[in-house]
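Start from the sequences and build out the full structure, keeping to the hints where you can.
There are 2 protein chains.
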Amino acid sequence: MSEPVYINSASNKKIKHLSELLRKSRARHEAGCFVGEGRHLFDEVPRERLIAVYVSHTFYEQESALIDELSCPCYAVDDVLFDRISDTKTPQGILSVVEIDRPNQKALTDKEAPLLLVLDQISDPGNMGTIIRTGEAAGVDAIILSPGCADPYQPKVVRSAMGALYRVPIIATGKTDTLIQRLNRLQTDGIWLYGTDPKDARSYDEPDYTRGTAFVIGNESHGVSDELLRRCDESVSIPMQGQVESLNAAIAAAVLLFEAARQRRA
Amino acid sequence: MSEPVYINSASNKKIKHLSELLRKSRARHEAGCFVGEGRHLFDEVPRERLIAVYVSHTFYEQESALIDELSCPCYAVDDVLFDRISDTKTPQGILSVVEIDRPNQKALTDKEAPLLLVLDQISDPGNMGTIIRTGEAAGVDAIILSPGCADPYQPKVVRSAMGALYRVPIIATGKTDTLIQRLNRLQTDGIWLYGTDPKDARSYDEPDYTRGTAFVIGNESHGVSDELLRRCDESVSIPMQGQVESLNAAIAAAVLLFEAARQRRA
Numbered sequence: 710m711s712e713p714v715y716i717n718s719a720s721n722k723k724i725k726h727l728s729e730l731l732r733k734s735r736a737r738h739e740a741g742c743f744v745g746e747g748r749h750l751f752d753e754v755p756r757e758r759l760i761a762v763y764v765s766h767t768f769y770e771q772e773s774a775l776i777d778e779l780s781c782p783c784y785a786v787d788d789v790l791f792d793r794i795s796d797t798k799t800p801q802g803i804l805s806v807v808e809i810d811r812p813n814q815k816a817l818t819d820k821e822a823p824l825l826l827v828l829d830q831i832s833d834p835g836n837m838g839t840i841i842r843t844g845e846a847a848g849v850d851a852i853i854l855s856p857g858c859a860d861p862y863q864p865k866v867v868r869s870a871m872g873a874l875y876r877v878p879i880i881a882t883g884k885t886d887t888l889i890q891r892l893n894r895l896q897t898d899g900i901w902l903y904g905t906d907p908k909d910a911r912s913y914d915e916p917d918y919t920r921g922t923a924f925v926i927g928n929e930s931h932g933v934s935d936e937l938l939r940r941c942d943e944s945v946s947i948p949m950q951g952q953v954e955s956l957n958a959a960i961a962a963a964v965l966l967f968e969a970a971r972q973r974r975a
Numbered sequence: 710m711s712e713p714v715y716i717n718s719a720s721n722k723k724i725k726h727l728s729e730l731l732r733k734s735r736a737r738h739e740a741g742c743f744v745g746e747g748r749h750l751f752d753e754v755p756r757e758r759l760i761a762v763y764v765s766h767t768f769y770e771q772e773s774a775l776i777d778e779l780s781c782p783c784y785a786v787d788d789v790l791f792d793r794i795s796d797t798k799t800p801q802g803i804l805s806v807v808e809i810d811r812p813n814q815k816a817l818t819d820k821e822a823p824l825l826l827v828l829d830q831i832s833d834p835g836n837m838g839t840i841i842r843t844g845e846a847a848g849v850d851a852i853i854l855s856p857g858c859a860d861p862y863q864p865k866v867v868r869s870a871m872g873a874l875y876r877v878p879i880i881a882t883g884k885t886d887t888l889i890q891r892l893n894r895l896q897t898d899g900i901w902l903y904g905t906d907p908k909d910a911r912s913y914d915e916p917d918y919t920r921g922t923a924f925v926i927g928n929e930s931h932g933v934s935d936e937l938l939r940r941c942d943e944s945v946s947i948p949m950q951g952q953v954e955s956l957n958a959a960i961a962a963a964v965l966l967f968e969a970a971r972q973r974r975a
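Respectively, the protein sequence lines represent chains A and B. Going left to right, the first sequence walks through residues 710 to 975 as this note's numbering numbers them. Going left to right, the second sequence walks through residues 710 to 975 as this note's numbering numbers them.
Treat the hints with care, as some may be off.
Which copy is meant is left open, because identical chains are indistinguishable; a pair holds if it fits in one copy or across any two.
As a list, the in silico PhoX-like pairs of lysine-lysine whose alpha-carbon atoms are at most 25 Å apart [said to hold, decoys possible]:
#1 LYS798 x LYS733
#2 LYS722 x LYS733
#3 LYS733 x LYS723
If you are wondering where the hints come from, they were derived from the structure by calculation, not from laboratory data.
This is the structure in structure tokens:
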């Protein structure tokens with residue numbers, strides 16, 4: 710690959726597009742790509758999904774060999790302009806534009822006993838990123854998002870997922886009907902759908918999660934919506950001591966998923 | 710109790726002290742108190758530890774009955790001044806000054822099989838707050854902090870702990886020697902100290918946590934320090950799939966603590 714194209718103007722079309730990809734959910738979904746900031750998120754991108762790379766002049770001077778060997782378009786951006794576009798306080802000088810993976814549901818249930826996570830209106834991006842990263846570590850096969858969830862491709866989620874977003878299949882649903890259809894299909898395929906409900910539910914460590922399992926995790930303040938809870942095969946709760954009213958959504962997801970992982974190892 | 714004292718000046722001594730309690734760790738430790746912001750953290754304060762309450766004029770007008778029945782000093786602060794002092798973007802109009810609880814170690818090990826958490830250089834305040842809240846839910850008897858941990862009484866920790874900070878005994882240690890002494894004492898008292906180490910350790914779900922148990926949780930980037938790890942009775946690891954390098958510290962703490970809680974329920 711040849712040297713990068715130099716960009717020094719904020720009115721450059723590429724720069725405007727990059728800035729929109731960082732700031733607007735609609736731009737990401739129309740273009741089918743999102744942006745990973747920093748060196749770690751560049752190193753972890755599967756190379757076939759790397760659409761373009763933007764580096765600061767300074768970064769390019771220091772790492773030209775790394776950039777010149779890339780087979781995707783690369784742009785070297787004026788340092789001040791780069792810092793202005795970046796979503797972080799201390800930019801590392803590299804932004805990767807990455808193709809959004811669109812997994813199909815069939816592929817997920819082809820696995821013998823898939824482990825799935827359904828997020829219901831998880832709106833905090835840091836929480837969502839942590840859940841995606843925790844999900845990968847616990848071995849989830851995919852994460853399904855309800856309408857009202859944070860956009861998983863926004864910079865804060867991408868950052869806190871720390872690369873897991875490149876690897877965990879994410880299925881976002883735009884309407885409740887679509888979500889319900891997908892859940893119905895999972896149930897038809899023999900996957901057991903567990904809601905999480907603090908009231909009167911069976912303790913989470915009692916069911917057998919070695920068969921196809923999907924956990925529905927609700928929003929921290931409101932829990933799983935009644936509509937979803939009604940459609941679950943069963944509800945489980947995490948017994949709590951003290952006076953804590955609810956667990957953080959990422960913590961609840963971790964406790965359930967690692968219990969499933971524990972049973973599946975045994 | 711009579712009506713509150715009205716304060717309209719930023720140079721008022723009480724206001725300066727309150728502002729220092731919110732902003733400076735040293736001020737909190739010298740005064741032996743910290744500040745809980747908002748209605749929820751006011752409602753949850755054990756009344757015998759409530760030292761003073763500051764409300765905005767507007768809050769007082771709406772909730773005078775609530776404030777007038779308090780038996781601690783109460784101050785009604787000009788709205789603009791109140792907003793300026795507050796640590797949150799959308800202040801709820803009430804700040805509670807709360808006595809710091811100083812638990813002694815003996816009381817902790819008096820319990821038959823205590824469940825303890827040792828935090829090693831957990832510097833992110835949001836993470837620390839989540840750990841304290843998760844700890845209460847899982848039934849920890851106390852949390853011991855190494856030097857280099859975030860100040861547990863800073864506003865961000867207080868906020869994310871959501872009241873658990875009023876109930877979970879916290880033992881902060883200022884020097885590594887003091888921490889080591891405390892851990893030695895725990896071990897003498899028969900408490901088994903588990904380090905968490907990603908390399909070659911036994912899976913976390915194998916040991917018996919129904920006896921006295923203390924988990925040492927390390928900093929997310931560096932893990933548990935070698936010095937502490939050497940002093941642990943045993944190390945455990947959380948088996949991970951995918952390419953995740955480490956779990957978030959709060960997630961790791963949750964997985965270990967709820968495994969202990971599960972065993973203790975059985």
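Verification of the supplied hints:
1. LYS798 x LYS733: both (19 Å within a copy, 24 Å between copies)
2. LYS722 x LYS733: Result: close within a single copy only, 16 Å intra versus 47 Å inter.
3. LYS733 x LYS723: So LYS733 and LYS723 pass the 25 Å test inside one copy only (15 Å; across, 45 Å).
In this structure, none of the earlier numbered hints is contradicted; all agree with it.
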